[in-house]
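Trainee: Go ahead and model the full structure; you've got the sequences and the hints to work with.
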Amino acid sequence: MKRIAIACLALVGLLGLAGCGSSSSSDSTTATTVQVKGYHPEPVRKVARYTLSDYATDPAPQTFPLKAEPNGLLLVYFGYLSCPDICPLTMGDTAAALEELGPDAASRVQVAFTTVDLERDTGPKIVEYMEHFFAPEQIHALRADTDEQLRSVVYQFGASFSIESHEPGSFYGVAHSGNTYAVDDKGNVVWAWPFGTTGEELAAGIRTLLAQTYPAT
Amino acid sequence: MKTTTRARTLVAATATVLALGGGLAACGSDSDSDSSSATTTATAGITVTDAWARESASSTGNGAVYFTITNGGTTDDELTGASVPSDVAKDAQVHETVESSGTTMSGTSGGMSSETTMAGGMSGGMSSETTMAGSGMMTMQEVASVPVPAGESVSFAPGGYHVMLMELAKPLEVGSSVPLTLTFAKAGEVQVTAEVRAS
Chain A
4 MKRIAIACLA
14 LVGLLGLAGC
24 GSSSSSDSTT
34 ATTVQVKGYH
44 PEPVRKVARY
54 TLSDYATDPA
64 PQTFPLKAEP
74 NGLLLVYFGY
84 LSCPDICPLT
94 MGDTAAALEE
104 LGPDAASRVQ
114 VAFTTVDLER
124 DTGPKIVEYM
134 EHFFAPEQIH
144 ALRADTDEQL
154 RSVVYQFGAS
164 FSIESHEPGS
174 FYGVAHSGNT
184 YAVDDKGNVV
194 WAWPFGTTGE
204 ELAAGIRTLL
214 AQTYPAT
Chain B
14 MKTTTRARTL
24 VAATATVLAL
34 GGGLAACGSD
44 SDSDSSSATT
54 TATAGITVTD
64 AWARESASST
74 GNGAVYFTIT
84 NGGTTDDELT
94 GASVPSDVAK
104 DAQVHETVES
114 SGTTMSGTSG
124 GMSSETTMAG
134 GMSGGMSSET
144 TMAGSGMMTM
154 QEVASVPVPA
164 GESVSFAPGG
174 YHVMLMELAK
184 PLEVGSSVPL
194 TLTFAKAGEV
204 QVTAEVRAS
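Sequences listed follow chains A and B, in order.
The working numbering puts the first residue of the first sequence at 4, with every later residue one more than the last.
The working numbering puts the first residue of the second sequence at 14, with every later residue one more than the last.
Derived from the structure by calculation, the hints contain no laboratory data.
Some hints could be false.
[To be verified] Label pairs and their calculated CB-CB ranges:
{"#": "1", "chain 1": "B", "residue 1": "T62", "chain 2": "A", "residue 2": "D107", "range": "39 to 49 Å"}
{"#": "2", "chain 1": "A", "residue 1": "E140", "chain 2": "B", "residue 2": "D104", "range": "34 to 44 Å"}
{"#": "3", "chain 1": "A", "residue 1": "P62", "chain 2": "B", "residue 2": "S190", "range": "34 to 44 Å"}
{"#": "4", "chain 1": "A", "residue 1": "P139", "chain 2": "B", "residue 2": "S212", "range": "14 to 24 Å"}
{"#": "5", "chain 1": "A", "residue 1": "E140", "chain 2": "B", "residue 2": "K183", "range": "22 to 32 Å"}
{"#": "6", "chain 1": "A", "residue 1": "P218", "chain 2": "B", "residue 2": "E208", "range": "42 to 52 Å"}
{"#": "7", "chain 1": "A", "residue 1": "G172", "chain 2": "B", "residue 2": "K183", "range": "14 to 24 Å"}
{"#": "8", "chain 1": "A", "residue 1": "Y217", "chain 2": "B", "residue 2": "A198", "range": "54 to 64 Å"}
{"#": "9", "chain 1": "A", "residue 1": "E140", "chain 2": "B", "residue 2": "D100", "range": "36 to 46 Å"}
{"#": "10", "chain 1": "A", "residue 1": "E170", "chain 2": "B", "residue 2": "D100", "range": "23 to 33 Å"}
Cβ atoms here follow ideal geometry from the backbone N, Cα and C, with glycine treated the same way.
Mentor: Pasting the structure below:
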């Protein structure tokens, strides 16, 4: 029994290594089949008509329509700043993905963190948080002005969140979608990656999405 | 999603097992013996290695500490609590990140179903056939205890188990460290120093 358990562990270890490729991935060019994580939301979700306030602008926040720069991709994540585990993990993996893409492809990608925690997260705090992971020109620090605005945007992406009921000022938990969404320059949500997508998998997905969404470039 | 989390944890645990090599296997080999050997000091059996805390990304908020617990003894044990000095954080709790099944959407049968395979490279394009969507709602749960069976390792790793530092007194910076006390049902208190790292 014990031996079987150890054997299984070893097997999982091998599969895990093969899947993640760890950090030393030089084999990505030789692979004939790429495991693409995530899914294409259908029917197509159009989000360009929806706006949030972007605080990663100087000097005042600006209204930001949810779409990418021309020929680019906007990665949108819904989280909250006091999230200790998966939000920084996902942002770290996303930063690693941009690193892996190289400057040309990465310059076509911007990352938008949208807080679902309006009570605790201010715009400047989101900027500070995002600049921990990314260069200033890569980020959008998004916050809804009202709860209603936040809910309509979250709904339009097919995402979700819930705030634990609490007394004012006391600690509360937040549940939120772990997905990272890719939006094209028309404001269509073209892909969603689940929580746990590695930086390498994210980079592979972005590369393919850029090529597929903008074949002329 | 849960699958992914588990997989990560397992991979980490496997790495630890491999790293520790034969020593751990040797410990495990006699785990068939009954647990009546109560005289064995479990304290000697519990070791906590590779403890680290993630660097704070903002000036306020919470933190997370990760580590590997190895029970080299012959008695099952469990982690029942964690604490830090008040100049580190207001409170520390043992948490597990889980995917909650709050929203009902079509086709949810677990994390793996969100993967599609496509032909490689640029030519293949992204498959748009898969329309499943798990709710993907991630949340953290406080856990009362985490079993650490005799002869085995439990990995606290990103996306799974972690000790959450609630309301940090000051941001965690690379180069500093966090003193952490882990409490085990049998081994009692184990002092751990978690190095602050970027990731």
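Trainee: All hints, please: hold or fail.
Mentor: Here is what the structure says about each hint:
no. : hint                        : in the structure
1   : B/T62 x A/D107: 39 to 49 Å  : holds, 41 Å
2   : A/E140 x B/D104: 34 to 44 Å : holds, 38 Å
3   : A/P62 x B/S190: 34 to 44 Å  : holds, 38 Å
4   : A/P139 x B/S212: 14 to 24 Å : holds, 20 Å
5   : A/E140 x B/K183: 22 to 32 Å : holds, 29 Å
6   : A/P218 x B/E208: 42 to 52 Å : holds, 47 Å
7   : A/G172 x B/K183: 14 to 24 Å : holds, 21 Å
8   : A/Y217 x B/A198: 54 to 64 Å : holds, 58 Å
9   : A/E140 x B/D100: 36 to 46 Å : holds, 37 Å
10  : A/E170 x B/D100: 23 to 33 Å : holds, 26 Å
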